[in-house]
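**Q** Residues per chain, in single letters:
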Amino acid sequence: MPDSGLSLEDVSFLLVWTAVAIYALAFIAYAVDLARRSDLAVKAKDAAQPSAGQRVLVGATASTAGSGRGGAGSAIDEMRAQEAAALADLEAPLGARKRYVWARIGTSLTVLGFLFHLGGDVLRGIAAGRVPWANNYEFALTGTLLIVAVYLAVLLRYDLRFLGSFITGLVAVFLGGAALAFHVDVTPLADPLKSVWLVIHVFVASLATAFLALAFALSVLQLLQERRERLAQSSSLAAAGPASAAEAAPAADAPDARGRMRFLRTIPSADALESLAYRFAIIGFIFWTFTLIAGSIWANDAWGRYWGFDTKEVWTFVIWVLYAGYIHARATRGWRGSRSAWLSIVGFSAVLFNFVIVNMFFKGLHAYSGLS
Amino acid sequence: MSSSRSEATRTGRGESGESDPLRPDDHADSADAGDAGRRGAASARLGVVGWLRWGWRQLTSMRTALVLLLLLAIAAIPGSIVPQRTADPNGVTQWRTDNPDLYPVLDGLQLFDVYTSVWFSAIYILLFISLIGCVIPRTKHHWNAMKARPPRTPVRLSRLDDHVETVVELPRDADAGAVAADAVALAEAQLRSSGYRVERYDTGTTASVSAERGYLRETGNLVFHGALVGVLLSVGIGGGLTYTGQTVITEGDSFVNSIGLGYTSFNPGRFVDVENLSPYALTLDRFDVTYTALGEAGQGQAGDFAAHLTVTEPGQQPHPGVVRVNHPLELAGDRIYLMGNGYAPTITVRDAAGEIVFREDVEFLPQDANMTSLGVVKVPDGLPEQMGLVGFFYPSAASLHSGALTSAFGDLLNPVLTLDVYVGDLGIDDGTPRSVYALDTGGMEQLTGRAIDVDSLELAPGDTVDLPNGLGTVTFEDATADGAPEAVKRYVSLSVHRDVGAPFVLVFAILALAGLLAALFVPRRRLWVKATPETTATGAEALRIEYAGLARGEDPAIAAAVADLARSHGAAVADVLGSDDRPVPDGPASDPDPKVD
Ligand code: HEM
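Line order of the protein sequences matches chains C and V.
In terms of the working numbering, the first sequence is residues 1 to 372.
In terms of the working numbering, the second sequence is residues 1001 to 1597.
There's no promise every hint is true.
[What the hints assert, rightly or not] Distance windows between CB atoms, simulated: (1) V:Thr1116 to C:Val122: 40 to 48 Å; (2) C:Asp10 to V:Ser1402: 35 to 43 Å; (3) V:Val1118 to C:Arg157: 16 to 24 Å; (4) C:Leu14 to V:Val1118: 55 to 63 Å; (5) C:Leu156 to V:Leu1517: 17 to 25 Å; (6) C:Arg230 to V:Thr1116: 27 to 35 Å; (7) C:Leu6 to V:Arg1286: 41 to 49 Å; (8) C:Pro93 to V:Gln1058: 46 to 54 Å; (9) C:Arg230 to V:Gln1058: 24 to 32 Å; (10) C:Arg157 to V:Gly1204: 41 to 49 Å; (11) C:Leu156 to V:Gln1058: 44 to 52 Å; (12) V:Arg1200 to C:Arg230: 45 to 53 Å.
In case anyone wonders, no lab produced these hints; they're calculated from the structure.
Remember, it's a predicted structure, so these values are computed and weren't measured experimentally.
Idealized CB from N, CA, C, for every residue including glycine.
Take the sequences, apply the hints, and build the full model.
**A** Laid out in structure tokens, this is it:
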């Protein structure tokens, strides 16, 4: 296209930046949703009865006065009821979901951003005449596309819109960062990359990353929710017996009572979040296992050995073992709950580290970042 | 998400008595016999055997497996930070030069050989002992479980988390016991047809069926862990039967697969019969490479490498073979890989009288992406003194501002060879092994070169120039004169591999993946249907039908499975009662709206 002045590659790049901007807006919409949906929940409750925080305080006062634990017990019951309702919302079919206006705006923007993103990715592939995942910029381009795709696909099954701000934020940062720092012009493929395994291995690795990202976000929420549950429990203990009141955190300290993270009221219990995180993590783990095997087959063709502890191989292995550890932790007494959540968080941190730091700064055979 | 399985299972265990599948003691699903108590008992009363047993139980516990897995992950990391001898020997040498003080410390800790180090090996060996110790008893147990009948129906199904019940009113003249048995027979058929193993447990007028499915889940788990052992064994045993060798062939030359003749380096595994390698020979006819043209995106990038060979095997006509990146040549059980390429200028040295004292294709090692290459010529005999030449070859020579040459492109656009001449002691007479690619100039005198402000010798293909001090002449031969395709010959470095273990590793890896899929996604669950005759408050005959389920492991769909069963079975029962021309009972059975506990 000598005359128009814009090559396919340039158009692709413009689309990508547009997508970044739209994702950023989606992030804002989702964040507003989180802030408001807790307000909505609180108002709905307030209309009917005193809020959880007030009730606990009432209970505490009552118990100091020696009148038993009724108030505190019901604060926990109320939290459990909130959580059960949130779980029902999470599993509600598409048509029967809560009408959170800002979440809807967020999701619509995410879909729009996804379309631009997809366009940018496809054009990049056409401009290059090959799959658009052969250097760091393109890995980021396709990897983030898959994260959004998986998120949107999962939305059809579970109402996970409370993860929207995490997903759009993550994608906006990585896509924008890649466009700024990693962008390179299309160049012919290096010989070792001319392989079907490029298509399979890298694609499946990105898919694995998408599922592990969801698991990560759920594990973070799980920890927050667990903390909320713990604080509520200890404040109810405080309410139950004056003797322990001194040690236990006062109810007003519970995160949702302080006004921060009140959205946790609209989110299922830590247990439910853990189950869900686990489900995504095992899908991610299966894909990762496949990535590992496909990578070895490719290495055996390209480098004459299927395994050589090259830097990137080491990190792929480390991540695999970490998630195997996570799966074990879920099945080990004393490790289920927050410890296994931490493993999921560490595992995903290793995934990100592998992508950003190892690709950029570590030396090895996998020198395909396109950066020099 | 009613699969909060710890509770579900614990409730169930109380009822159904035994634990299956067999898990290590500290599995989240096993009964809460705190092992602190057990440990106390061991130290107080048991002797050596007790302690051993306790140790074994610790080693094969979930917690140990978990800790070892995490240790393995952590222990693998240093190998990505510090260069490794196997993957990057030059990196290790460089590291040593850069950090002479730290080097011995890290070397002592085996940080340059992480993956064969004592500590790394200890972790994975312990892990695999733990794995085997865990898998064997489970396999035995699972084998028996697969032959066993589904367990007795728990007395109080309502105590299970996933429980649904309906009450069906019966016609006045009905034999409640017979209807109960019929209803349960229906459930039995339904369950069997959806893949459950079923067993009837009737007591008095109460009929019940116990059903179990998903043995494949435990099978998958055992296959997965077993296959990991398979991978490890294949790597270990295969390694002993594996060899790799490197060789370099210049266009027109041949390589013979024999360790005495052809290899520049050879690494056989412990059990390789090095005297009896397959006797084939390879001749490099031509090496192809294309370079992205100047002015295009990615200019100068090399690609489409292809080494065109003639293969000679005993008892066969010579036939052509090609080695490309990603496409090794398979030959007599070996795989031949293209590892590198470069230029091998043909250099002739004559003495003052014009006699040839040296003539060889000298392999130059590429130093940059544009193939600026470094090579060495050693002339030990035939001249008054030993002579060494250190040469730079520029396939597309261009001048820098400083006047120094560089190569601007990888292909042969403007080939130029420069040589620095050294005379003196080459240091090869005392038998010390020296690299053919390096010249130890310590004991030599430099006659040309920048360092001493004498112009280096500079030649294009076909040129002959005089050596300093009247030593003689040196010629950069134009290879086309001998019928080569280009003025300067190219060489390839090939790597010859035989890896006996690799196919086994692949098979076990695929088995592991298949096992993993089954272990993670096949639901294992028990379902029960129980029909109990009773009399309602109004004095009518009725049948209480209970449905209950118990997840054995992660099973997000258990509640749905119980509800589905209640629905389809309820409908079937209603059908039967209706078709016998009995009054269709109203209420729950005809409109199955199960009451959920
Ligand atoms: C090389 C080391 C190991 C790796 C990579 C590994 C990996 C895994 C993976 C990926 C799973 C999930 C699949 C499933 O649920 O079946 C799993 C499950 C399991 N592993 Fe391992 N494992 C290893 C060693 C061990 C050892 C030493 C033990 C025994 C102490 C063990 C016991 C178990 C058990 C009981 C489960 C089932 C967990 C459940 O109920 O969900 N594993 N392992």
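**Q** If a hint holds in the structure, say so; if it doesn't, say that too.
**A** Hints and how they fare:
1. Roughly 46 Å separates the CB atoms of V:Thr1116 and C:Val122, a value that falls within the hinted 40 to 48 Å.
2. Here the CB-CB span from C:Asp10 to V:Ser1402 is close to 38 Å, well matched to the stated 35 to 43 Å.
3. The hinted range of 16 to 24 Å is not satisfied by V:Val1118 and C:Arg157, whose Cβ atoms lie roughly 49 Å apart.
4. For the pair C:Leu14 and V:Val1118, the beta carbons lie near 56 Å from each other, so the given range of 55 to 63 Å is met.
5. Taking the beta carbon of each, C:Leu156 and V:Leu1517 are about 23 Å apart, inside 17 to 25 Å as hinted.
6. As the Cβ distance of C:Arg230 to V:Thr1116 is approximately 46 Å, the hint placing it in 27 to 35 Å is violated.
7. For the pair C:Leu6 and V:Arg1286, the beta carbons lie near 42 Å from each other, so the given range of 41 to 49 Å is met.
8. For C:Pro93 paired with V:Gln1058, a C-beta distance near 48 Å keeps the hint of 46 to 54 Å intact.
9. At roughly 30 Å, the beta-carbon separation of C:Arg230 and V:Gln1058 lies within the given 24 to 32 Å, and the hint holds.
10. Between C:Arg157 and V:Gly1204 the Cβ separation comes to about 45 Å, which falls inside the hinted range of 41 to 49 Å.
11. A hinted range of 44 to 52 Å holds for the C-beta pair C:Leu156 and V:Gln1058, which are about 46 Å apart.
12. One distance hint, 45 to 53 Å for the beta-carbon pair V:Arg1200 and C:Arg230, holds here, with the actual separation near 47 Å.
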